[in-house]
Amino acid sequence: MEFAVRLEGVSTTYEGETRPAIMDINLSVERGELLTIIGPNGAGKTTLLETINGLLPSEGVVEVLGLSVREHGRSLRRRIGYVPQDFMVEPGTPFLAKDVVAMGRVGKVGPLRPLREEDWEVIWAVMEALGIAELANRPVGKLSGGQQQKVMIARALAKEPELLLLDEPFSSLDAKARATVCELLEELRGERGVTVLVVTHDLSAIPDGCERLILINGGRITADGRPEEVFASDAFLKAYGRVRTVIT
Amino acid sequence: MIALPSALLLRAIIGGVLAGALCSLVGVFAVRLRMSSIGFCMSHSAFAGAALGTLLALDPLLMAMSAALATAALLGPVSDKARLPANVIAGIMFPMTMALAFVFLMLLPGPVVGLAALSLLWGSVLTVSPTDVILLAVLMALATSFTVLFWKELNAVLFHPRMAEADGINSRAYMNAIIFMLGAVVALSLKLVGGLLVYALVMNSASTALQLSYDMRKVFLISPLVGVMAFLGGFGLSMWLDLPVGSSIVLVSSLIFASSVALSPKRKRGEGGGRER
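Each protein sequence line maps, in turn, to chains U and Y. When you read off a place in the first sequence, starting at 1, and then add 1, the result is the number in the working numbering. When you read off a place in the second sequence, starting at 1, and then add 1, the result is the number in the working numbering.
Some hints could be false.
[As the list claims (entries may be wrong)] In silico DMTMM-like cross-links for lysine to aspartate or glutamate, where the CA-CA straight-line distance does not exceed 20 Å: (1) Y:K82 <-> U:E16; (2) U:K99 <-> Y:D216; (3) U:K99 <-> U:E161.
Please keep in mind that the hints were generated in silico from the structure rather than gathered at the bench.
Chain U with its partners taken away, still in its complex shape (with noise of 0.2 Å):
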């Protein structure tokens, strides 16, 4: 079995701090499949995400389409999409939104070589998809907390990732924009077997076609399964203080 993302006893440590943020955690993803990453506030959600995008220096085994991080993370963070969490520019931020979209493509193309025509088709591909095309010659900074959030997403798009690492990418966006991503996820998946990541608190932004979902507590992964089995787990419990037992 090829493993999208394979983590073998990995503990994540902040500089300064003695506790890890993220501990001993085991967790294999196949490819193509939909991770949905769940846990209260502070959990180590964002901590996992991004040890697994080797942005922050781990203790453990972290294997990403079956490299090291370790000692691949710039390379293989050109096939990784990510779109952080909040991620808001100021106002004032000279760039418009087609130009942040690009960057995406910036490092998979790699140095000395300007975008061309067929990364500018993806570029607006995604755009269009995203319906944020007509925002394109738009600063980013005059965008919408929800418009800047698809510009993020579309930048994380526009680079063709194997793997999307996505964390709380709902949170500004409506219900239709949710919708419309989810529906970008899907066929992603089932057209190019992207294996993708969401890291969610809101338990109403659990995408559709979600079939797995793991629960992060105290930095440990304390459930890991189908929906509804986590939703009934006495870990989910623990983590809410309540049972779910409608999947919305």
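Based on these hints, arrange chain Y on the given structure of chain U.
What follows is chain Y alone, placed relative to chain U:
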């Protein structure tokens, strides 16, 4: 009005135009990446270098440039090692280099010999040599080539260094290259506009350009033009009213910046107005 030999005047103008354009080009990087204290730090380490050169009977300008370049080469790696922003390291080094400069000046036998070092604080565009002009032209070609060749990577780093890193771009290497380029530009421009005033030339033109456009390509075109305008305006004013050249350049560039704030499309409601809801 002061009458100057035409060759001297022409050399001063070419040198000043090049320094104005160069400082303003790297200024966009400095302003966008919030490296303001780095400019300060470079110019004062150059001053310390010049003071040391005078003390050791070495060429003060050569020592000034060496000190600024050494600082530029050290800042990036030291900030990487200390895991602190380069701006913080520069903020600590700035008073330290100033203190060293005054220690070196105090050790000099008389007050007159320190003038060579002190002149670097104020600059003198009229003493620019043909070699200075050639060096400025070479640096201009290098800085422009660097910006054009690595435009898309630099653009991503200028937008958000950590996001660029998440896209597989070596942000740290580009930031260190920018810091080194900034150091080289400051070191070469010192003789013309002086250590205290080069900082204004670096910051003012870029800040002006950032008031006028949301498009980074345009910002990179406008900033050097503003730098050239500030130099020519300041130089003309200085010749006309017999004022110090460096001070006149800074006053003109500050005036241009103030006008850009008043006329900025970013501050008007409507087309460039507030955030969408």
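* List in ascending order the numbers of the hints, as given earlier, that are violated by the structure. => No hint contradicted; all consistent.
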